[in-house]
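We have chain A; now place chains B, C and D onto it with these hints.
Chains as they are written, first to last, in the numbering used here: chain A, 1 to 136; chain B, 1 to 136; chain C, 1 to 136; chain D, 1 to 136.
Derived by calculation from the structure, the hints in this document are not laboratory data.
Some hints here could point you the wrong way.
Pairs count within a copy or across copies, as identical chains cannot be separated in the list.
Said to hold, decoys possible - Calculated cross-link-like contacts (lysine to any residue; reagent style SDA-like; alpha-carbon spacing at most 20 Å):
| hint | residue 1 | residue 2 |
| --- | --- | --- |
| 1 | K103 | E3 |
| 2 | K117 | N72 |
| 3 | K103 | L119 |
| 4 | K103 | P121 |
From a predicted model like this one, the values you see are computed outputs, not experimental measurements.
This is what each chain is made of:
There are 4 protein chains.
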Amino acid sequence: MEEHIHHTRVYFDHTDAGGVVYHANHLKFLEHGRTEWLRELGVEQDWLRDAHQLMFFVNRVEIDYLAPARFNSRLEIRSRLERLGRASMLFDQTIVDADSDRKCCAAKVRIACVSTKTLRPAPLPAAITGRIKHAI
Amino acid sequence: MEEHIHHTRVYFDHTDAGGVVYHANHLKFLEHGRTEWLRELGVEQDWLRDAHQLMFFVNRVEIDYLAPARFNSRLEIRSRLERLGRASMLFDQTIVDADSDRKCCAAKVRIACVSTKTLRPAPLPAAITGRIKHAI
Amino acid sequence: MEEHIHHTRVYFDHTDAGGVVYHANHLKFLEHGRTEWLRELGVEQDWLRDAHQLMFFVNRVEIDYLAPARFNSRLEIRSRLERLGRASMLFDQTIVDADSDRKCCAAKVRIACVSTKTLRPAPLPAAITGRIKHAI
Amino acid sequence: MEEHIHHTRVYFDHTDAGGVVYHANHLKFLEHGRTEWLRELGVEQDWLRDAHQLMFFVNRVEIDYLAPARFNSRLEIRSRLERLGRASMLFDQTIVDADSDRKCCAAKVRIACVSTKTLRPAPLPAAITGRIKHAI
Chain A
1 MEEHIHHTRV YFDHTDAGGV VYHANHLKFL EHGRTEWLRE LGVEQDWLRD AHQLMFFVNR
61 VEIDYLAPAR FNSRLEIRSR LERLGRASML FDQTIVDADS DRKCCAAKVR IACVSTKTLR
121 PAPLPAAITG RIKHAI
Chain B
1 MEEHIHHTRV YFDHTDAGGV VYHANHLKFL EHGRTEWLRE LGVEQDWLRD AHQLMFFVNR
61 VEIDYLAPAR FNSRLEIRSR LERLGRASML FDQTIVDADS DRKCCAAKVR IACVSTKTLR
121 PAPLPAAITG RIKHAI
Chain C
1 MEEHIHHTRV YFDHTDAGGV VYHANHLKFL EHGRTEWLRE LGVEQDWLRD AHQLMFFVNR
61 VEIDYLAPAR FNSRLEIRSR LERLGRASML FDQTIVDADS DRKCCAAKVR IACVSTKTLR
121 PAPLPAAITG RIKHAI
Chain D
1 MEEHIHHTRV YFDHTDAGGV VYHANHLKFL EHGRTEWLRE LGVEQDWLRD AHQLMFFVNR
61 VEIDYLAPAR FNSRLEIRSR LERLGRASML FDQTIVDADS DRKCCAAKVR IACVSTKTLR
121 PAPLPAAITG RIKHAI
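Isolated chain A (complex conformation) (with noise of 0.2 Å):
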């Protein structure tokens, strides 16, 4: 499957003293670029808890902070599936500085689809996974 980008900015809220991206909210920025991945494939997670009490769950993260994003940056998010699993998914994704064009973060992120109820693995529904390969 190709890349997906999704854009966005850095704004006051995302940085710390350090005058910089504060580490933990590279995460945030990556979950939104699975998120609009996802929306782009017709999949919106409050209709997946909606219609089949599901949602997801990050169950691993393994993150390089490679370079710092400051400020006002305008950020790319590039998300790409790596593998698809029966109830998980593996993404590759980077957050790259869309002036400098140099990367800030290099990530692994497995995610796995859980019931809201119980919050244990549940298969993703065919539509899903049917939308997904055939995207990919």
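Here is chains B, C and D on its own, set in the frame of chain A:
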């Protein structure tokens, strides 16, 4: 009722590139103070949600930022219930730097008790108003 | 001056266990709106900091929360400058759900222009007040 | 070195609409744990910045999310220094629910010591490595 004091610290995630606590984060500290005030009265909000299907919804905040709070500062969140309504509470709260005794902000926060299902106002349970009145 | 509109989305990190946008996060959205309003006038806050050693400090917020904003909602942050002082600006801002056209909150936000060194009030540079007056 | 334990609570701002702590917020808790570990050794990061023009920059995180942490949970942030480099530290950290003793997440966090001016790696001051070695 006497003022309730909750002690906390400023960590990096609370600050922004200006080097001080990001203005929206003071509202988090104020909420922590109200949560601990309720806890001291024996009111746990997860019990309120599970046993009564009620939660608190902030419906108005007036806040004056008086002095910046910096990384590592020890803060006191001082909370006083100013008015108890049938389905609402009005708090008078301040955040004070514990070392300098300087006031960082002063706020009035109005809380509504709402149904977790409908998000519409609902009377505070007698068990809670009883404890609050006793405390006042 | 005409109202400025900034478009944004609610992602998971903005919500809380109540299922709606956490009250403090509305202040972040309002700040994004003011930042984009300034950008449209040609004022970048990193330039303001580097060239003038000035930054903006929120010194008062009055906010009424009118309706919850939910995950995935498309929001409009509507900003209007109500008063321009020598070293301050007063904004009238609302957040509107773009689908239902329902107002989520209405706020008055007072901003001081301060020195990045001393954090004390400092006059807005003429370059900025000129652009603002021109826009009004 | 023995494990350092920092006690904290989950408040509403840490949770998301899934009803549990938002995954990025675990990284904040881990950072609070490291900050308190340093404080116990007598190392204050504002002093490090002011006296040595140094700060810590997270350069890699590997985190496994094992069980959700819920609103109101009492958490223990357990931190152990695994390796001390010339300009880096590697931490082994877990977050444990203090009531159930269940592990919420396990992480390896690599920190670089960097210049506040250049953001480039800089050796940890001897005063700090001395205290750390003494503690180990």
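Under the constraints set out in the numbered hints, which ones does this structure not fulfil?
none
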